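There are 2 protein chains.
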Amino acid sequence: MKLRHIALAMCAVATTATSATTYAQQAPKPEDQIRYRQSIMNVIGRQFGMLAAMAKGEVPYNKDAAVKAAGLIETLSTLPAPLFGPGLDKGAPTKAGTKIWSEPDKFKAALEKMQGEVKKLPAAAGDLATLKVTAGDVGKACKGCHDDYQEKEFRN
Amino acid sequence: MKLRHIALAMCAVATTATSATTYAQQAPKPEDQIRYRQSIMNVIGRQFGMLAAMAKGEVPYNKDAAVKAAGLIETLSTLPAPLFGPGLDKGAPTKAGTKIWSEPDKFKAALEKMQGEVKKLPAAAGDLATLKVTAGDVGKACKGCHDDYQEKEFRN
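Sequence lines, in order, name chains A and B.
Taken in order, the first sequence gives residues 50 to 205; the numbers are from the working numbering.
Taken in order, the second sequence gives residues 50 to 205; the numbers are from the working numbering.
Isolated chain A (complex conformation) (with noise of 0.2 angstroms):
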């Protein structure tokens, strides 16, 4: 798994909308890696912001629905982490705290412990009762990391 992660970084390269057919072997720039990051956060949290409406009666039910945002946010929960590798602090506008690189085993132990609940997340989405309460822990998982590793603005 990390391999891959590291894979993934290695080979994310820095193409723009704008060219998709372009790309180059060069390691992508901070700047891009920065942005990179918070597109998958930003779809994982409107994603499991769905979920969690649902959770909580605030939007009805819809299996179908739950399920593919349950397995894309799980898809997604596994490439963020080489997104917070040395070097990554800096170079863009970012909410990422720097605690995230002065301490980064500790980080580290905080997304495998958002991934490992957010891996239940597809087998509890087909059912309410249990998408209740596995969403619930996603939700705590998250708030943890937030409120250790994110700033309230930007910085940088």
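Note that these hints are calculated values from the structure, not bench results.
These numbers were taken from a predicted model, which means no experiment stands behind them.
Among the hints, erroneous ones may be present.
The list cannot tell twin chains apart, which means a pair is met if one copy fits it or any two copies do.
[As the list claims (entries may be wrong)] In silico lysine-lysine, DSSO-like type, Cα no more than 30 angstroms apart, as pairs:
hint : residue 1 : residue 2
1    : Lys-155   : Lys-168
2    : Lys-192   : Lys-148
3    : Lys-201   : Lys-144
4    : Lys-139   : Lys-117
5    : Lys-78    : Lys-112
6    : Lys-105   : Lys-168
7    : Lys-189   : Lys-155
8    : Lys-144   : Lys-78
Starting from the known structure of chain A, fit chain B onto it as the hints suggest.
Just chain B now, with coordinates in the frame of chain A:
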């Protein structure tokens, strides 16, 4: 499919990464929808960049990583359509061309062309020779739509 898109757009709430456990039922702000659209397209672009680099031999082919990326791209490709809907042509800096909103039927056809090509990716990604052909087709569909509907610079 269309209903699910609408449901996703309605459900996707204006949660921020800061407050992952706070959700609201109100429609998301245009600026949040535009940011969400950009996040999805960015993740698609990065993941497809990796696949295309494998297809071109610029990075080593890794079957597991390729299949994972292809599945992720396929799922993400189903999300942006409602994010190009009415009222989302402005509200934040965007490269999305105004033609998207002045000729929505043509744009919809271009999006569906892309989705049709992307649907073939997961099955193709497990074999490098097949991936080369399919990634080429997907790349052309991406480029065609970007050429016609994406501005070179941010507007708004």
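Hint check results:
For a Cα distance limit of 30 angstroms, the shortest separation of Lys-155 from Lys-168 inside one copy, 20 angstroms, qualifies, whereas the shortest one across copies, 39 angstroms, does not. In the homo-oligomer, the alpha carbons of Lys-192 and Lys-148 lie at most 30 angstroms apart inside one protomer (16 angstroms), although the nearest pairing across protomers, at 40 angstroms, exceeds that limit. For a Cα distance limit of 30 angstroms, the shortest separation of Lys-201 from Lys-144 qualifies both inside one copy, at 7 angstroms, and across copies, at 28 angstroms. Within a single copy, Lys-139 and Lys-117 get their C-alpha atoms only as close as 33 angstroms, which misses the 30 angstroms cut-off; across copies the closest is 29 angstroms, which meets it.
Only between protomers do Lys-78 and Lys-112 lie at most 30 angstroms apart by alpha-carbon distance; the minimum there is 26 angstroms, versus 39 angstroms within a single protomer. Taking CA atoms no more than 30 angstroms apart as the test, Lys-105 paired with Lys-168 passes inside one copy only; the shortest distance there is 20 angstroms, against 33 angstroms between copies. In this assembly of identical chains, the alpha carbons of Lys-189 and Lys-155 lie at most 30 angstroms apart only when taken from the same copy (17 angstroms versus 44 angstroms across copies). Taking CA atoms no more than 30 angstroms apart as the test, Lys-144 paired with Lys-78 passes in both settings, with 18 angstroms inside one copy and 21 angstroms between copies.
In this structure, none of the earlier numbered hints is contradicted; all agree with it.
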